[in-house]
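There are 2 protein chains.
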Amino acid sequence: MRNEQIKILTASLTRLLRRGATKHLLNIITKTHMADLSIAFKELSPDNREKLFKLMDDPEQIGLLFSLLDENLFLEFVKHVEFKKLVTIFDKMPSDDAASLLTLLDEKLSDQILSKMQEEESDNVEQLMSYGEDTAGSLMVTDFVALEEDVVAKQVIEALQNKYLDVEMPFYIYVVDKYGKLVGVSSLRQLVVVHPEKPLKEFMAKDLVCVKPYTDREEVARLVSRYDYLAVPVVDDDNKIVGIVTVDDVIDILHEAATEDILKMAGVGEEYIETQTVVKRAQMRLPWLFASFLGGVASFFIIGGFEESLIKFTSLAAFIPVISGMGGNIGTQSSAITVRGIGTGRINLQDFAKVVSKELAVGLILGLVYGLFVGIIAKFSFETNSFPMALPIAVGLAILTSMSLAALLGAMFPLVFERFNIDPAVASGPFVTTSVDIVSIYCYFMIANFLLGI
Amino acid sequence: MRNEQIKILTASLTRLLRRGATKHLLNIITKTHMADLSIAFKELSPDNREKLFKLMDDPEQIGLLFSLLDENLFLEFVKHVEFKKLVTIFDKMPSDDAASLLTLLDEKLSDQILSKMQEEESDNVEQLMSYGEDTAGSLMVTDFVALEEDVVAKQVIEALQNKYLDVEMPFYIYVVDKYGKLVGVSSLRQLVVVHPEKPLKEFMAKDLVCVKPYTDREEVARLVSRYDYLAVPVVDDDNKIVGIVTVDDVIDILHEAATEDILKMAGVGEEYIETQTVVKRAQMRLPWLFASFLGGVASFFIIGGFEESLIKFTSLAAFIPVISGMGGNIGTQSSAITVRGIGTGRINLQDFAKVVSKELAVGLILGLVYGLFVGIIAKFSFETNSFPMALPIAVGLAILTSMSLAALLGAMFPLVFERFNIDPAVASGPFVTTSVDIVSIYCYFMIANFLLGI
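Just so you know, the sequences run in chain order A and B. Residue 4 is where the first sequence starts when you use our numbering, and the numbers rise one by one after that. Residue 4 is where the second sequence starts when you use our numbering, and the numbers rise one by one after that.
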């Protein structure tokens, strides 16, 4: 469904809820894809949301809805479900979804649910919950097809028809030796093509890309997207397969990673939630503004130190915004390019000197161009100037210095942070603009003092 | 392969190329996944690159490499391939890759290649080239499995073993009626589960999500990721299936979309290529800095207009950076949150008033906090001030005004741009910081003039 269609869906739901047309509503709930219904839920008023949710009965459907909702809506709805039903819902959910939702609940409640769930299922879920949040282990599903290497194609198909009927994504058939170690992989596609009596070991692919349960999830996403896989197996340190990460989870990781990068670069932190209250939002954003506060205070003391120059040449003050603005913006450009280059793998640490010197060169060129522009404006705006050329030259040189240093710092910061294993996206935001501000203003007044002979 | 392994691969390649160990090199070329080799190619020196490329012989391998390389490396390598071989390479390539690579070539060369290619293949490619760059049509592959509704499971499997042996992603079996219109879809998975004599129409799913050849590619990506599909069919206006877009292409779109958003928000334009020359890079970035240049010039005239106030109270100048810096940074936060919220669908245009007023509230809270901080610093830094409280109050109020207006503008700009169908990411970058700068400085001097009674 497109966004317009979801708007129509939301409108119909509101109308039917007002009329109390339960039969119609139940019909819509059964027929609509849960991905669409979950979006409609967000658009409904809190009252309508609750009414609609109470009409839902099928535990599998509710589980799917839970896994698609925003965190706070999920927590709201959970309150309306009685405990016994909650257990059934979590029992029927894929183990990876159950694990990530249970971590959101109050610890006492989640323990109670786990203790009442079917043993095999709760073991799986607890295992998944034990992995760190950003790891392959926390993402993987424990439903997969793994068969021994002597099983023949015909038997694999039989296994798919019986034992593995519930597996979410059975596109790959993983092949294990008699000790349970992963030795190869085949696919549904090969299965329908080979002779029915051929054993897996004769048509499986032997070079496998695997990850460990503790592999970082962004690394998993990189591997899946680099090789165009539909899933990647997760093996423990004994090379036994413990789960698979599927491409749909990788898409979610990529979505989140992009959002995180953008928010970090804007200095908002990485887990900003739009649905928080105003006060909570202000709290989350406050610390990130501290860098620019410190920078502002530093600039203030720098300018204070040049008070005498300012008393003689008040016009100097008028150029402060253009100098720090041009520097700040080119610095943001350079850092965004570098952060994204590191993120997509186009820029490596070995290229440090090359990347930084190229950015410096770009900064010099653009600094010359805009320095000239601003200098010309300075020249024609102060006719009564006692030093006809000194001020425009000082301003032009300050723009050149500010822009080239900003490009240099903008490229350097993310690379230095990456070197010390700090996320370059965090580094590049307020850090760059703040340091550029300080450096630009200092250079500007030094140049002006020198040229104007103060 | 992980990044470290690729470094090792690059080092071995360099060593073997220096020793001229052709046999070893050929061995590596055959055994390495082309996705890894394409990264190693980027790391090699231009000379080594050329040497290694000349060792490659298999047209299918070369085609795959071409589709994975950066644009400029592809254009470099094409020069080393003789025309007849180039035709073979493009003949063997998936039609979507061929279409996008041919558009990069000189038009004369690409026409020559197309005219010598096999007719069916070149027709496909020309059809794909006719769709707009950002559409589903330009992404889709024309290799897919489509069978009539009366075909039984057993026959489908036979077709997969013969007619469709070359199809890239045969996970879905599309079902058409006798007029060739798309009526349903089944999957490989269902195929191995159902009775061999069952016809497709009895086990296909009938509610299908399709796109048109002219659907925007980001819309396609949204659909695939919303419903966790592995592919989505592309149908023409007669509902005839003309191609499919697969999940691996969707991952590429998401990668590109995230990069584009980040670059646009930093004011770099959307197609910045790190491997360009310095002069070209400077040219690409020059226009994006023009907004901040204009803003700087405007600030300059505003401050110039308050020259008399500055002559009386030189210290006013020292607070310009902190006021514009704090405003600029909170404005960047608000616009990043809004742009990303629009991008991920969490924020809709209907929420305009709610989003903007919440951001304004956040701006007011943070403005109060930081206004107080900066005011206190102002109070204790100017002991000789003749108006002991007026200046600190003016500065504090200016911070409050600047930060709340910045949060308001930062949230409003992307939403207004979205309303007029302009990409909100473009809007939010230099636009916000520049307008915040102008507004902040103007308000600051107005407040100071009033309170200091100038």
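Among the hints, a few may not be true.
Copies of the same chain look alike in the list, so a pair counts if it works inside one copy or between any two.
To be verified - In silico lysine to aspartate or glutamate, DMTMM-like type, Cα no more than 25 Å apart, as pairs: (1) 57 to 39; (2) 26 to 210; (3) 361 to 263; (4) 119 to 74; (5) 166 to 100.
Just so you know, these hints were derived from the structure itself, not from any lab.
Violations among the numbered hints: Nothing - there is no hint that the structure violates, so all of them hold.
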